[in-house]
Amino acid sequence: MVLINEVYRSLCHNPLFKSIEETELRDISGYFSYKKVKKNHHIFLQGDHFNSIYFLCNGRVKITRIDHQGREQLVGVCNDGDMFPHLGYYFSKTGYPANALVLEDAHLLYVPSQNIEKLITNNPNIAMILIKVMGEKMIDLQCRLQESLLSSTYEQMIKLLLRLAKKHGVKLSNGDILFLTPFQNKELASIIGTTRETVSRIMSKLESNQLINRDYNGRLLIKVEELQREGTKGQV
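This note's numbering numbers the first residue of the sequence shown as 1 and each following residue consecutively.
Simulated from the structure, these hints should not be mistaken for lab results.
Every value quoted in this text rests on a predicted model; they were computed, and no experiment measured them.
Using N, Cα and C, we set each Cβ at its ideal position, and we do this for glycine too.
Treat the hints with caution; some may be incorrect.
[Unchecked claim] Listed next, with one range per pair, are the computed distances between beta-carbon atoms:
1) H49 <-> V170: 33 to 39 Å
2) Q146 <-> H68: 23 to 29 Å
3) Q146 <-> D67: 17 to 23 Å
4) R196 <-> R9: 41 to 47 Å
5) P112 <-> K186: 34 to 40 Å
6) Q142 <-> Q228: 16 to 22 Å
Kindly produce the complete structure, drawing on both the sequences and the hints.
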């Protein structure tokens, strides 16, 4: 009973399910399980058997892939309310597509694979939420592909910073966006498929042009409007 109550409380506080009535959340609690995972522990590894989809209630989780040459690519960082991995991997019957490493102690809801289809079939409101999440991820991937084909590395870097700012930043009183999640240059490079040296050079240029900065804790600050204008100039 204690575990069911924890699941219910977590569902009520998860931003992903804010549109669902409390009575319905209580009804679907039985499909979910709850667990905590400590910092620096993996939730799953690339290639592991797919046994659950996860919903992050609190904490941060880094998603990475290892390519055929052994290089690590940052796929993204999950925050409160995020679902991972993409539900399509359940239906494809493949293993987990990436590694999920906890950056900050994580409180997680998860749906075991044997409950996924029952949850979707019996609860249309939940099905619509999952479809919306999958649609948003597909649009994001399509935008990334378009950027990689049509934009210079400089433009891709600017668009990446703006995209990350929406998910991992907070707006300050002066209009700047402060990144709450730190990203290393090598991680940014892996996202857009370039070298760490290229990213370092671009970041230095943006900083010298006063488009980005750092606070006293070393956290990234960006000037959104100025950066948006810079991204439309077509520089290489």
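The hints, checked one at a time:
1. H49 <-> V170: 33 to 39 Å: holds, 38 Å
2. Q146 <-> H68: 23 to 29 Å: Check passed, 25 Å falls within 23 to 29 Å.
3. Q146 <-> D67: 17 to 23 Å: Taking Cβ atoms as reference, Q146 and D67 lie about 22 Å apart, which means the hint holds.
4. R196 <-> R9: 41 to 47 Å: Between R196 and R9, where Cβ atoms are some 42 Å apart, the hint holds.
5. P112 <-> K186: 34 to 40 Å: holds, 35 Å
6. Q142 <-> Q228: 16 to 22 Å: holds, 20 Å
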